[in-house]
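Asks: For reference, the chains in residue letters:
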Amino acid sequence: SSSTGGDDATQGGTTSGGGSDAVLTIGMPNGTLSENQNPLAPTGSAAKSLGYAWVIYESLMQVNDLHPLDDPTPWLATAVDWNDDYTVATVTARDGVSWSDGEPFTAEDIAFTFNLLIDFPALNADFPEQLVSATADGSTATITFSRSEYVNQVKLDKTVIVPEHIWADVEDPVTYTDTEPVGTGPYLLDSWTPQAATLVPNPDYWGGEPQVAKLQYSSYNDNNALITALTTGEAQWGWTFIADYENVYIAQDPEHFHQAAGGGFGVDVLFLNNETKPFNDVAFRKALNMVVDRAQISQLAGSGVWPGITSVTGMPMPSGEDYLASEYAGEEYTVDVDGAKQLLTDAGYTWDGSGALLDPDGEKVSFELTNPAGWNDYLTALDLIRQAAEQLGAEASVVPANQDAWFNDIIPLGNFQASLHWTDGGATPWNMYSNMMDGAQYVPLGETASWNFGRYSNDEVTQALAEFAGASDDASRQAAIEVVQKHYVEDVPAMVIWARPSVAQYSTQNYTGFPSDEDPYANPQPTGPQAAQIVMKLTPTQD
Amino acid sequence: MRFVVRRGIFYLITAWAAVTINFVLPRLMPGDPVAALLAKSQGQIDSSAEDAIRLLFGLDQDASIWQQYVDYWGLLLHGNLGVSFMNFPTPVTEVIAQSLPWTVGLVGIATVISFTLGTLVGMGIGWRRGTWADGLLPATTFFSAVPYFWLGLIAIALFSVTLGWFPASGSYDRSMIPALTPEFAGSVIRYGTLPAFTIVLSSVSGWILGMRNMMVTVSSEDYVTVAQAKGLPERSVVVGYAARNAILPQMSSFTLALGFIVGGTLIMEMVFSYQGIGFLLYQAVGNHDYPLMQGCFLVITLAVLVANMAADVIYAVLDPRTRQEG
Amino acid sequence: MATTTTTAVTTTPTPDGAGTPAIRRRQRLLFLRNAKAMTGLVIIGVFAVLAVIGPWIAPMDPDALSSDVLSPPSAAHWLGTDHLGKDILSQIMVGTRGVMIVGFTAGILATVIGVLVGVTAGYIGGAGDEALSALSNVFLVIPQLPLIIVIAGQLPSAGGLTVAAVIAVTGWAWGARVLRAQTLSLRRRDFVEAARANGERTWRILTAEILPNLTAIIAAGFVGTVTFAVISQITLAFIGVTSVSDWNWGTILFWAQQNQALARGAWWWFAPAGLCIALLGMGLTLVNFGIDEFVNPRLRSTGLHARELRRRGIRPRIGFTPVVHEAEEGRR
Amino acid sequence: MTDVSAPSPVPGRTPAARPEVGSPAPLVLSAVGLRKHFPVRGMRTSAVVHAVDDVDLDLHRGEVVALVGESGSGKSTIARVLAHLMPATGGEIRLHGEPVVARRRRDFRRYVHRVQMIFQDPFASLNPIHPVRYTLSRSLRLHRGRMPRDEHERALHELLARVQLTPPELYVDKYPHELSGGQRQRVAIARALAADPEVLLADEPISMLDVSIRLGILNLLRDLRDRLDIAILYITHDIASARYFADRTVVLYAGRVVESGDSESVTQDPKHPYTQLLIGSAPDPDDLQARARGARGEAPSLVTPPPGCRFHPRCPFAVELCRTAVPPLTEVASGRRAACWGYPGDDADVPDGLARPTLGSMLDTYGARPGREEGADR
Amino acid sequence: MTATVSDRRPPAVPERTPVLEIENLSVDYGYDDDPAHVLRGVSLTLHRGEVLGLAGESGCGKSTLAYAATRLLPPPGLVTGGRVMFTDRDGSRSDVLALSDAELRAARWQDVAIVFQGAMNSLNPVFRVGRQIADGIRAHRSVGRREALDRAAELLEMVGISPDRLRDYPHQLSGGMRQRVMIAMALALEPQVLLMDEPTTALDVVMQRQIVEQIAELRERLGFAVVFITHDVSLLIEMADRIAIMYAGEIVEDAPAREIYQRPRHPYSSALLHSFPPLRGARRELSGIPGAPPNMAHLPTGCPFVPRCPHAADACRAGRPTLGPTAFAEAGRSVACTLHDGAREVPQELAQR
Ligand SMILES: Nc1ncnc2c1ncn2[C@@H]1O[C@H](COP(=O)(O)OP(=O)(O)OP(=O)(O)O)[C@@H](O)[C@H]1O
Ligand SMILES: Nc1ncnc2c1ncn2[C@@H]1O[C@H](COP(=O)(O)OP(=O)(O)OP(=O)(O)O)[C@@H](O)[C@H]1O
Ligand SMILES: [Mg+2]
Ligand SMILES: [Mg+2]
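Going down the list, the sequences are from chains U, X, H, C and P. Mind the numbering: the first sequence is residues -16 to 526 in my numbering, read in order. Mind the numbering: the second sequence is residues 162 to 487 in my numbering, read in order. Mind the numbering: the third sequence is residues 338 to 669 in my numbering, read in order. Mind the numbering: the fourth sequence is residues 4 to 381 in my numbering, read in order. Mind the numbering: the fifth sequence is residues 2 to 354 in my numbering, read in order.
A couple of the hints might just be wrong.
[Stated by the list, open to error] Here are the in silico distance ranges between beta carbons for each label pair:
1. Ser414/X - Arg652/H: 27 to 35 Å
2. Gly100/C - Gly463/H: 43 to 51 Å
3. Asp64/U - Ala346/X: 51 to 59 Å
4. Asp355/C - Arg525/H: 18 to 26 Å
5. Asp305/U - Tyr230/X: 18 to 26 Å
Since the hints were made in silico from the structure, they are not lab data. Please read these numbers as outputs of a predicted model, since none were measured by experiment. Glycine included, every Cβ here is placed at the ideal spot set by N, Cα and C.
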């Protein structure tokens, strides 16, 4: 009675005409899963990894990652108010919401959920050791933190709420698999198999009955299988990296197939080891920065999926526009080999007869670019950076590393010269900059660093980052971030290569209303609290 | 009796050694489940979650490896394989139970088909050696010489994407709930056809070759000539005399092959997104999911051991010469 | 001239008149007269040559980018280019060395281990045999590919030789098993007993009396292991477990697959490497046939003369000896 | 250039004419109470094959002892145990009266230096991948040590010449498959001779060969015995060849010695009923009369051998005594011993109340035929 | 259970009707351009009810002859000429080599049955012996399984094996029993010709005697003709009516058994029949046959026995002698030797009267 297989002819349209009873298949490349609907578990939850947790359970607010400074859309909470130093949040619960078993939703549930996080640190991935207490009073819940959570507001907004009347009896919510989930969301779990979870609309949903007749969350073993499913129309919504997506995906059905990118501050950074040759010399870092062609890398290595960074501040646009220091407005990266060479000459570099670059000590400049073997886009990017370095006469080589070794020894201990790594997303550029250059994260080479792998240390920056996180007014925050930007540009402690926005592919064959470049109302991926918001916007395609 | 006891002890020791290696191997891998999880998410999971997860998996307290080993055996003897990290908190046994039947079903049937087909064809060419049928051999070896994934991907590109005859991935229609209905069975068959077909294609030549060589060897045995001399119908000579004896070593390889089925064909499961234990194990390795890895290893190891024993038994059953001693 | 032979009582007839050196030479060359073996050898030979000189004769640097991105075969790029404009033909030529080195190193290593364990186990018997058999059984029951993944993942920057070593370590058990069974039967042969009765030392019996008689099995096992190693290596590279920066055919396929070569219609990126593997695999299999037919006298003569037989209308069958009346008069 | 049947250097000389009686040649190798049991592989525990039980055997210098008996009676087993290829279950092997314990390798090598074995099957006992040169060189090297090249070559040729593979150059580089059965058997013999052994254990050296080749080998062995004074244990099925070639004959039945004596009298006047049956069964175109006919029955199982005399189930003269007590090997005539209750002996051996059997002629029992046309050459 | 076999010769010696006539049979081994001509124009006639012995050196082609005559020669054997005429009880004649596959299948075992050398290898190791006897019967007679098994039991009993052995597997039987099972199997359809290729070689003399007697007794009763191949010349002389001596793919002498033993006419027969030591009577000097058998792939033009023949003359090298009457024109004897052409004087040891 539904969609399968690779032939789009039988998809949607013919089955239902208007499409109102067509299934919307959401695909994820997660392999085989076990039944686990726990929306709080940090790992192992099929509901979370496939994404259907977010249409069963709902978050307090809907945040648009693309425009993090926009006011969040009220969702289960009609309002979240912070005190001035961002240590206490007051959450107002929506009225008239009921759990799918009929019990009413109250602020008690909100307080209960946060207390769960306090009681079970294993569930508490977002605010480790920061949560102090959560109480409910009438229609509001008050959550107290031990420090300023300005940069973590989004995390609070995105916290999903579980019903107290059920979870209070759960002995160990960490290992609770929640096989009969009771949520407030627009959908109810209908059936579960290791390959797919099927959900049907919640007729009593507070936001009105959703229009998609059925959601089917399918799990594929790997990206390729998912890509095949997406290109054949078997899955209509999902996200994966599709090399040359224009041809591979969109061209299959240009009218219906779309790829949309969300914003956010997720970027991939070439960490440079600031404490070893050759990157201990700011001149060389700058020179390299000048010859790297980010547009080409984005196009060839990132297949155009990952937008190249244009702003010299490293911030992805348009998300970063609100934070951009005025002095860098409009300043864009350009490839300038001659300028770079000039810079090097000024700093005392020379070239030998064969054109090899010699540092001021007269040694040949050479370095290794390290990344785990098999990381296709990273390695291609490194390859292109290697070629760029060669334009300067520096000898670079791409060294594929063992993934585990990279994780455990190479990156945290600083055993590399240059390596690509991601940064935390976050709603502000703080995470991105902090991850790259926060002195608070500095540890000497050979010790385990959790960020700032390049060992950049600048008290001014450290100070500014701390200020940004703890400040209570926008002006001081802006001032602080501008300091950071300035040092990023001048010191080149690391090189942001491309942005890694949330990307999603979807087909409008049966339903329309997904976030698009024209209407970027939410992160387009199905795996996040925004899923509830998106499915509520979907309507059957009218042909 | 003594022989049986000796074999029994032999198998026990093998099992013990294999289980121990299975225990030690994952622990020799650098890295840990949490790092792997973070690596996989590439920024999707906040790095501050690391400690929470470590806590969750109980990786925060260190037990000596020896202690872990003793505990492991303790649990194992109670049939408890622990809890999977990857699919936390589902017990490993459940995770495996969910994949195993699919692997065993598909690969099993494919192996049986491949064996049957290969043996029949091998019987034919072995008997008619020197005719055109011999030309079939190099052709079939082509398919066993190409890497399986290559064959599988091309099959998908051809039969699923281009022609749309078969679904490209999955074990059955994802909108269905496993049940004993004809529709579901039909779906399982439809989804299994392409994977099974490629498995057969890539493995059949081994069976053909084995059977052919045995047929050639057996055909020159006197009893086959005697059967001809008796004027038996050709069919009964070929089947009852030549093939019946030629199949003996073939059967014991087949039994072993059945043991290896449980190991699944990782690549097949990968290429066809088929749920199965091979891919499960692969995922477990990638995620440093020690308990799941050990569980898979254990199941696979035991299956092969059992198959080994079955091969001993089958031989005894099929070959009366080994049955009796005196 | 008393240089003749009687094949009197043996059941496997040795061809008569192997006496003169010329005939003996012809017999040695028999292996080469086998069309299958010859084809196989030629294929392997070509790849072996490529492995040696490939990197020099490759038309370009396989890592060199060009502006011809993902272009189909053309005069400039005989096998087209990949997504970065790298020349695929060059990749294949340069990659041959990696494949061959890993394949043959693994083959040799696994064969050596297999021979050591299998032959020793079969010969010494008793507790030692049980122990060694258990050892090979353990290696047999441990799932191979995952084991390779675990081990390969464990070694930092798994290069070609490491991969070869890992494949060998996990792949010797089957050969050892077969060799053990064979040694077991050889051990009780009279010529081994005779050597013992003559006072030969054990190692000498093993190396001089038993091993040479296992050549065919060892050779076949070697060929099999090489095939297995090549496919394993390529599969490992393909699923990204080993380094994908050293060129071999698996790496080419890895990049092709990662970049959706098939979906983009870039068959020139996906097909040639696969066909090379198939060709090499077939070459090895053909040599294996050749060894088989060479060693097994029963397979030999018909195998050699199949075409000739068809021409003469002879169908060799068990139980129905062909009758040709060549110098005939009395046919009905 | 001869192949198979080089004429004996002492044509027509019969073994009986050897300097035997009176001063027996010195004893070289002897087995006392030799016993060999094989464990039975299979479900039943602790069952054994009683392949050889309580066998005494003496080999004297320059003497050929034939060991005859039906298939599976333990002949090869005795040879292998004597060659130390397998340990005995019980009993003792003595070389020049000294018990042999060849536990250590060096002892073993010293032993094989003096006692050499020729295997039953010339097609199996030569490694097909080694040429004659290798096989013999190894033997020379093992038993005579390292030699200068030309000396080694000379020794090689001398060895081949000794077994009449002449000219040696023609044979030295051949592979076993290029040799006829007779030639192979000679190479096997040459290998044994390289050790200059005192004892040669020849296990059915002729059974695989056709008549004309057989004769060549026998003549060769006889010549060796005469020239080198080697003691030879000659194992065979072919009683006629035992008569032709051996000085003494020992008859084995189901793992036990049932009769022994000089070959001529054992073959012409068998004492033990089994020997009678054996001789009577052998075809002889010159004497179609003396033939045991209609005898039925097979050798007993060696796992559960019959109690008493092992021949009793097939013996027409068996009485209760034969079924219960094992008959001792007693002297029944000068130089003849037989293990049969039917011959008078020490009555102390006979359990109370049981009577000895009365033997008749085996041939009478199994209907010898009235003569047909008498052979012209009788 | 004693000697009813007082005289092995069928009483009616004179009326010898042929049952199997092999005419000019030629066989090659090897499909290449250099085959071994293993049989070269062999002619041999087997008469109803007679025992024909076939003797000769190893590798002279005895087995080949037996298999070729029944078209059971394994590859790379090739029949290159000749006829094998079988005469049925009703007098109809047919050429075995010219039958179609179906006809041949139908004729096999009914007309000509064959007992191979190694009984262990001749029985299918995985079937019970009863079944193996029965399936031969059922292939030719439309009888039920039960009936066939009953007949098998009968046959076993006939060769002196207890019928409860029907359910045994071959390996459970001793060598002698297996050989007798083979004989029982061969007799299942009461064939007119029984070819036996070294049926007793692997057995010890006591067992050999039992089997030989069994065959003699059964032949007496059933009246089939036997071709008996063996190395054991003494046995052959004793049991055969007629003996054909082969050398290098040819029959060199064919004569009644006692005749050939006492008065051999061919130098090879003479040497062969005096190469075995006698069990009884005077010890005699044994000469053996010097030299080695020829290489079948490259035979000399003349008589193949020339290199080993004490009487070889130039005439022997010129052309191959054909089977013909002896110099003494004895009835029922033929020999292939130039000595009997009359051109030369027959040496004394070949001229006994
Ligand atoms: N290795 C062994 N294991 C078990 N039983 C054995 C072994 N070797 C021999 N036997 C048994 O011991 C008995 C004597 O065997 P042996 O080979 O000595 O007989 P034989 O007299 O040489 O016979 P043949 O004349 O056939 O060579 C037989 O019953 C045989 O089955
Ligand atoms: N497959 C073969 N290829 C080539 N020559 C063969 C083959 N089989 C047999 N021969 C040769 O054919 C000749 C006759 O063989 P056959 O088996 O008929 O001899 P035989 O007289 O039965 O010998 P035996 O007494 O040893 O059984 C031998 O010289 C043998 O070498
Ligand atoms: Mg023996
Ligand atoms: Mg023969």
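Asks: Against this structure, judge whether each hint is valid.
Replies: Quick rundown of the hints versus the structure:
1. Ser414/X - Arg652/H: 27 to 35 Å: Distance hint for Ser414/X, Arg652/H holds at roughly 30 Å.
2. Gly100/C - Gly463/H: 43 to 51 Å: At 33 Å between Cβs, range violated.
3. Asp64/U - Ala346/X: 51 to 59 Å: Taking Cβ atoms as reference, Asp64/U and Ala346/X lie about 58 Å apart, which means the hint holds.
4. Asp355/C - Arg525/H: 18 to 26 Å: About 48 Å separates the Cβ atoms of Asp355/C and Arg525/H, which means 18 to 26 Å is violated.
5. Asp305/U - Tyr230/X: 18 to 26 Å: violated (56 Å)
When each numbered hint is compared with the structure, violations occur for hints 2, 4 and 5.
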